[in-house]
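Asks: Using the sequences and the hints, build the whole thing.
Letter by letter, the chains look like this.
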Amino acid sequence: MVDKTKQPGRLRPAPENFLSEDQVKAVGAGRRDFLRKSFLAAGAAIAAPLAARAAEGDPNILENPAWTTSLGQPVATNPYGMPSKYESQLLRRESPGLARVGGASVSFCPLQGLFGIITPSGLHFERHHQGWHDIDPSKHRLMVNGSDDSLLKKAKVYTLDELMRLPSVSRIHFIECGANTGLEWGNVAVPTVQYTHGMLSCSEFTGVPLKLLLEDCGVDYKKARYVLAEGADGSSMTRTIPMEMVESGEVFVAYGQNGEMLRPENGYPLRLVVPGVQGVSWVKWLRRIEVGDKPYATKDEAVHYIDLLPSGLHRQYSSIQEAKSVITTPSGGQTLLDKGFYNVSGLAWSGRGRIKQVDVSFDGGINWQTARLEGPIQNKALTRFNTNWVWDGSPAILQSRAIDETGFVQPSYGQLRAVRGTKSIYHNNAIQSWKVAESGEVSNVQVL
Amino acid sequence: MSRFCKSILVLALAGASTAALAFDNYGGVGRPATAAEVKAWDIDVRPDFKGLPKGSGSVDRGQELFEEKCASCHGSFGESNEVFTPLAGGTTKEDSKNGRVKGLSSGELPQRTTFTKVATISTVFDYIQRAMPWTSPKSLKPDDVFAILAYLLNLQEIVPADFVLSDKNIGDVQKLLPNRNGMTTDHGMWPGASAKKGGIGNGGKPDTANKACMKNCKPEVLVGSTLPEYARTAHGELADQYRSFGPVRGTRTLGPEAAKKAAEAGTLELATKSGCMACHGMKSKIVGPGYAEVQARYQGQTDAEDRLVAKVKAGGQGVWGSIPMPPNAHVKDEDTKTLVKWILSGAK
Chain Y
0 MVDKTKQPGR LRPAPENFLS EDQVKAVGAG RRDFLRKSFL AAGAAIAAPL
50 AARAAEGDPN ILENPAWTTS LGQPVATNPY GMPSKYESQL LRRESPGLAR
100 VGGASVSFCP LQGLFGIITP SGLHFERHHQ GWHDIDPSKH RLMVNGSDDS
150 LLKKAKVYTL DELMRLPSVS RIHFIECGAN TGLEWGNVAV PTVQYTHGML
200 SCSEFTGVPL KLLLEDCGVD YKKARYVLAE GADGSSMTRT IPMEMVESGE
250 VFVAYGQNGE MLRPENGYPL RLVVPGVQGV SWVKWLRRIE VGDKPYATKD
300 EAVHYIDLLP SGLHRQYSSI QEAKSVITTP SGGQTLLDKG FYNVSGLAWS
350 GRGRIKQVDV SFDGGINWQT ARLEGPIQNK ALTRFNTNWV WDGSPAILQS
400 RAIDETGFVQ PSYGQLRAVR GTKSIYHNNA IQSWKVAESG EVSNVQVL
Chain S
0 MSRFCKSILV LALAGASTAA LAFDNYGGVG RPATAAEVKA WDIDVRPDFK
50 GLPKGSGSVD RGQELFEEKC ASCHGSFGES NEVFTPLAGG TTKEDSKNGR
100 VKGLSSGELP QRTTFTKVAT ISTVFDYIQR AMPWTSPKSL KPDDVFAILA
150 YLLNLQEIVP ADFVLSDKNI GDVQKLLPNR NGMTTDHGMW PGASAKKGGI
200 GNGGKPDTAN KACMKNCKPE VLVGSTLPEY ARTAHGELAD QYRSFGPVRG
250 TRTLGPEAAK KAAEAGTLEL ATKSGCMACH GMKSKIVGPG YAEVQARYQG
300 QTDAEDRLVA KVKAGGQGVW GSIPMPPNAH VKDEDTKTLV KWILSGAK
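Going line by line, the protein sequences match chains Y and S. Taking numbering that gives the first Met the number 0, I'd label the letters of the first sequence as residues 0 to 447. Taking numbering that gives the first Met the number 0, I'd label the letters of the second sequence as residues 0 to 347.
Hints are computed from structural coordinates only; laboratory data are not their basis. For each residue, glycine too, the CB sits at the ideal point set by N, CA and C. Be a bit skeptical, because a hint or two may be false.
Claimed, not checked - Listed below are the simulated PhoX-like cross-link pairs for lysine-lysine, each with C-alpha atoms no more than 25 Å apart in a straight line: (1) S/K195 with Y/K222; (2) S/K282 with S/K340; (3) S/K38 with Y/K152; (4) S/K53 with S/K167; (5) Y/K221 with S/K196; (6) S/K49 with Y/K153; (7) S/K49 with S/K137; (8) S/K196 with Y/K222.
As the list claims (entries may be wrong) - Here's a subset of chain S near chain Y, in silico, CB distances under 10 Å, partners left out: (9) C72; (10) F76; (11) E78; (12) K96; (13) V100; (14) G197; (15) L267.
Replies: Here it is as C-alpha cells:
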C-alpha cells in the first residue's frame, strides 16, 4: 500500500464522483479508508453489467460516453453563453436576517468556488440602496458641475456616445463593501466564506479617467479639493471623494466590465471606479459629479459607513480598505473527503497598493509559511495565493496573513479589537481562521 | 471664432495663469449644462447648508406627512425596526447639551438610531429630499422635507411641538443635535490629503501594527468564538452551495430530509409565484382540484406527466367539473415540468 500522505499531486480517482450521499457521510465521519476499498466497488455499482470488466479499470475510460460517440450542439445554440448545467450551485446569495428589504440588501459572491482573480460578472456581489434599474443608455447623462461657479469654468453634460469617444483606460481592481466581514465584528456569525467575505469582487473595468473630464470642464484644482459622486437611482446615492485621488488619475468613470458593458446590477451604463476605496464610493448609475471645496457628510458617510469606536466616537470618512486576505479552499462549510494533498488557495488585497507577501498558518498562527503569489500582481487588485498542504487527518486551524507594499501586516482579531472594539460594522480586515476537524469538516472560528 | 481657435486662446490664457488648466479639450465631446439642468440635478445640501432650498414646515404638518408617506416603513414615531433600523430614540437631554450620545460608549444603547449617530442635520435633510419616500423618491417639495424633519426633531425632543423648521433656523437646530460632537476624522483611512495639509485624517497611518512573525509566534492558540449551531444551518443546505466535484464538498448541514423539504418549499413557492395556488389547494378542491386529488387520479399512469404538462400549458375543462382551467403559457416549460412532477410525487 502506498502512503498517500507522502504523495503530493495525487489525482483523485474518478469513481469518487459517484459516491452516494451515505457514502460521502461515511467518509465525512472519518472512514477514510472507505475510499480505497470502494474504488472498484463504485465502478461496479455504476455499471453492473460491466462488473467483470471493472477489474480492468474505470468504466468512464473503458466505455466511451455519449459525448464522445455522438454529434454535439451547433455554434450559437446559446447566442449569449451560459455556464454548464452542472454549475448551478455557485450563486449570489443573501444572508437571512441581514436586511428585510431586497431593494436595500446585499447578495454575496460565492468566493468558495471561484478561481484566479476575476469575478464572473454574473456572480459579482450586489449592494443596492434603493433597488436596481436597467437604465436606457441613450437617455443616460453625466453632468459635471461645481458647488459654486468659481470652481469650474463650465458645467458640462456628457452622453454615453461622447464618453465612449474619449481616451479610455482598462484596469483590474477589487471592489469590497466597507461592511464586508461586518457580521463578524463581535463573534462568529456565518458559516462560509461566501457570507464572511463575499461582498468582494474583482473585474477589469474600462472607462475614462475622471481627471480628464474635470479638466475638460476647466476645474480649478486649487479650490476644488473634493468631488461628490451621485447616482441616477432612486436613492441618488452620494459620496465624497478626495481630489488627490482624482488628480492621481486612478479614479475613472467606467462603462466596461470584463470586456462587455457593466451589468445593470453593477451600475449599467456608467459607474465610478475608486480603486482601494470601499464599494459605496464606486457610485453606480453615475449621473453627476460635483466638485467642491468641502466634504459633503452624505447619508452614507454620516449615518452609515461610520465606524463606532469604544470611546463612543464614530470615525467619519474612513474609506480605504486596508490589507486583508482569506483562504477560499478549504474554507468554512466545506468537508475534506480524504487525507493527503491539498492546494490551499485564497485571495489577498490591499487598498493601499500591491500585495507583497501572503503567509499561511496551519496551527492557528503559531507558525507561518509564505505562500506562492500567482501573478501578475496588480495595484489594488485581488491577488491569488496558493500553498501546498498534506493533511494528516488531525485537527488544524488554517489562517492567511497579507502584507502589502507599504509593509502593513493584516491584523489579528485581538489586535483589531484592541483599538476598535467589537461594535463597529465596517472595515473588519482581521485574519480569518478556518478550523479543520478530524471528520474533515471545516468551520468558521475566530482566533484572537 | 472656431472652436479650435478658441481652445488655442484658452491655452494661451492658461499659460498666463498657473491655477487654470486647459479645458474644452476634446472637440465635439460634451456640451455646456444649462442653468435649468444644473438646478434640476444639483440638489445636494452640505453641512454648511450650501444647497439648502428656501422653505419651512411645522411639526404638525410633518406628522401628517410622516403618517401618510413614512410610517408604513418607519413606524408612526420613527421607532420601527421592522423594515429599517429606527430613526428616533436613544438620546437624552444630557446628550443634547453635550453633543455626545453617552449610550454609544456606555453600552446602554440597545440599538443605534439615526439621531444617536448623525452629527450634521444637513445629512438628514439631504437624504429625505433625494431618496424618500422609499417607493417614490424625490416627490417631496422642500416645505414637505422641512416639515418631516421638524416632526423627527420633535420625536427626538430636540424641538417643541409648535416648532416650525425653516432654512432660517436650521443652523440653530444643528447646535442642538445630540451627537453633533460625536465624529472623529483622526484615522488613517482617508485616501486624500491629511488634516495637516488641509484635508481629512492622519495621512494614512494605520491603527494596527501586526508583525510578520514566522516561527513560534505565540505560546498557545486562543479561540475566541466558534460557529453556533443555529448559524451553521441558518444559511440553508451548504452542500448545495458548492460543486459536487473538486477537492472538497459543501458540508451537508440540513440532512437529506430537510434538504427535500427545502426543495419542496421551493416548489411550493414556484407554484405560488406561477399563480397555481390561487385555485388549487394542497389536499382538497378550492376552485380546481387539490393536488392530493390529482395525484390519486393519475397514480400509476405512465403517461400522466406528459398529459398533465400539456394540460397545464393549454388549459382544460371537464375532468374536474365545469369550471375551466385557463391556459398557463406564462409558466416556463421547465417550471411546468417541475410543478407536475411535484404534484405527482405527492406535493407537500
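Asks: So which of those numbered hints doesn't the model satisfy?
Replies: 10, 11, 12, 15
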